[in-house]
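**Student:** Here the sequence shown is numbered in this note's numbering, starting from 1 and rising by one per residue.
Just so you know, these hints were derived from the structure itself, not from any lab. Please read these numbers as outputs of a predicted model, since none were measured by experiment. The reader is advised that the hints may include incorrect statements.
[Said to hold, decoys possible] Simulated restraints, written as ranges between beta carbons of each label pair: (1) Ile-21 - Tyr-146: 18 to 28 Å; (2) Thr-139 - Val-101: 33 to 43 Å; (3) Ala-151 - Phe-27: 18 to 28 Å.
Glycine included, C-beta positions come from ideal geometry on N, C-alpha and C.
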Amino acid sequence: MGNPLNALSVRKMVLAISFAIIFLAAFNMPSVLDLANNLVLYLPLYVLISIPDAVLYGEEENMHEIKFIHLKHKMREFLTQLGIVVLGYILIVLAISGAYVLISGEGFRQGVTLGVITINALTSAMMVGLVTLLTAVLTRNRSLSYTVGFAYWIYWNLNSGSASPMNPFTFIADPNEWSSTIGMQVALLALLTVVIAYLNSKTPYFGKETLNKLKLKMPSSWRPTAKAS
Numbered sequence: 001m002g003n004p005l006n007a008l009s010v011r012k013m014v015l016a017i018s019f020a021i022i023f024l025a026a027f028n029m030p031s032v033l034d035l036a037n038n039l040v041l042y043l044p045l046y047v048l049i050s051i052p053d054a055v056l057y058g059e060e061e062n063m064h065e066i067k068f069i070h071l072k073h074k075m076r077e078f079l080t081q082l083g084i085v086v087l088g089y090i091l092i093v094l095a096i097s098g099a100y101v102l103i104s105g106e107g108f109r110q111g112v113t114l115g116v117i118t119i120n121a122l123t124s125a126m127m128v129g130l131v132t133l134l135t136a137v138l139t140r141n142r143s144l145s146y147t148v149g150f151a152y153w154i155y156w157n158l159n160s161g162s163a164s165p166m167n168p169f170t171f172i173a174d175p176n177e178w179s180s181t182i183g184m185q186v187a188l189l190a191l192l193t194v195v196i197a198y199l200n201s202k203t204p205y206f207g208k209e210t211l212n213k214l215k216l217k218m219p220s221s222w223r224p225t226a227k228a229s
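Full structure from sequences and hints, please.
**Tutor:** Here you go:
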């Protein structure tokens, strides 16, 4: 039997290459600003699909309890794995940007440098990704994680003009003003990462157990009652 982690790595590599090819082929991007806007908008969808594996890999095979028992330094293992995942996303942005420059002949310019594109694409992707990941670690449900992450992406796609630090698409709204919110967004991402790492270090049933405890603390009049047959 092959190593399941190797199978996961191959699957992620195929997904990343497919995303890059589709991205470059599907969009008309006459300028480097169009490249930046499309990366900020669509890289989060790739992250949304791939990032739940950071906490859910093995759930379908009922291996989560074994993983929980055998991992000694759970927070450190999670943060290391997440760091590797983020590095992979950075490489995707660099690869797509480099391929675009080679294919189109367009160069980077002041205000839309490779660094600016990478920072904004990664920030938007991780905001959507960590919302998805938080749902995954609380519910241990892949489908629900995708649903919540996609709903978050859709909501801010429709409200991209908002100045809220929760908006992952501030660069699209105004490419000249993204620096006014990026600091707060990075701080939010750091806080959310710590929360997710802590929750992931708990039992796989921590989220459900917490929800059940909250339900028990509710006044009896608030609790749903079963209808008599």
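**Student:** If any of the earlier hints don't hold here, list their numbers in rising order.
**Tutor:** none
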